[in-house]
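J.: Based on the provided sequences and hints, a complete structural model is requested.
Sequential numbering from 1 applies to the sequence shown in the numbering used here.
Hints in this document: simulated from the structure, not taken from any laboratory.
It should be emphasised that the depicted structure is a prediction, and the values quoted were computed from it without experimental measurement.
With a straight-line cut-off of 25 Å between C-alpha atoms, the simulated PhoX-like cross-links for lysine-lysine are:
{"#": "1", "residue 1": "Lys3", "residue 2": "Lys190"}
{"#": "2", "residue 1": "Lys131", "residue 2": "Lys73"}
{"#": "3", "residue 1": "Lys79", "residue 2": "Lys131"}
Computed beta-carbon distance windows for the label pairs:
{"#": "4", "residue 1": "Lys131", "residue 2": "Ser252", "range": "25 to 35 Å"}
{"#": "5", "residue 1": "Ile47", "residue 2": "Glu244", "range": "35 to 45 Å"}
{"#": "6", "residue 1": "Leu84", "residue 2": "Lys3", "range": "37 to 47 Å"}
{"#": "7", "residue 1": "Gly205", "residue 2": "Ala154", "range": "11 to 21 Å"}
{"#": "8", "residue 1": "Gly107", "residue 2": "Gly288", "range": "22 to 32 Å"}
{"#": "9", "residue 1": "Ala284", "residue 2": "Ala36", "range": "46 to 56 Å"}
{"#": "10", "residue 1": "Gly240", "residue 2": "Ala154", "range": "21 to 31 Å"}
{"#": "11", "residue 1": "Ile286", "residue 2": "Glu76", "range": "19 to 29 Å"}
{"#": "12", "residue 1": "Glu244", "residue 2": "Gln33", "range": "37 to 47 Å"}
{"#": "13", "residue 1": "Asp137", "residue 2": "Gly240", "range": "22 to 32 Å"}
In this text, a Cβ means the ideal position worked out from N, Cα and C, and glycines have one as well.
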Amino acid sequence: MFKSVEELLAICEKENKFISEVMLDFETERGQQSRAAVMEQMRQNLIVMRASVESGFKGVFSTTGLTGGDAVKLDEYLKKGRTLSGETMVKACASAIATNEVNAAMGIICASPTAGSAGTLPGVLFTLEEKLELTEDQLVNFLFTSGAFGLITANNAFIAGAAGGCQAEIGTSSAMAAAGAVEVAGGSPKQSADAFAIALANMLGLVCDPVAGLVEVPCIKRNAAGASNALISADMALAGLVSEIPADEVISAMYEVGIEMDTAFKETAEGGLANTPTGRAIEARIFGKRPGCDGCAMKK
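T.: Printed below as a string of structure tokens:
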């Protein structure tokens, strides 16, 4: 069992294995199952992820009417061929949004690592599938690599917005996706760790401030930001850039920031965007005005 990124990289070096192989070994031993059985379970996750993206691109809307249809808009924009950030980036963002719109519409998604951050990984994964012509086994390996870093983060910090803010959710999912992207692109385990560290560092301090307490605004678009952060972090690592702060220390820093973060910014809908005048107006429209709250937006 590896408890840190440092230990994970040491195993990779000692056994001359990729991170995905080490994670597969761990899951096989932990669950007392065959490698084929563990691989099949991960393929099922992959199937769910693909279905959620495809469903989102058909156009889905939440029951509140607050979100929906943005994946379709972004996909139509992409097809015009005039993107500012490039086809790969926009496609990843569109796929991320598609997944989280399905989540907001009460559809089936694969939490990775949470439901609120479920779009970032598939957004990156299926974009790279097309760009790099990845096989199904490579897609599954991406998930094992990402999962290894998610496991370490969950065991040493947190992955829930209620515990550590959105840095713990979108930050972790973005960093996980960056690590997986590096491996399927031919990078080394060390480069995956650097990509993870860079991506997570970029998201330190991100608050969890869901408008009206719903996992819709700003959560859905933040998954798109997480996907774009993952891709550029992976590119930096593949280019030879390193994280000056080791991955384990970045995880520790995220934990420290989360502990110090005010509860108003931990999924309580008491601060940030949720507490803006527009945010409170949306809350009142959906749920009615809170008792004793007359013009209480932006107040604590």
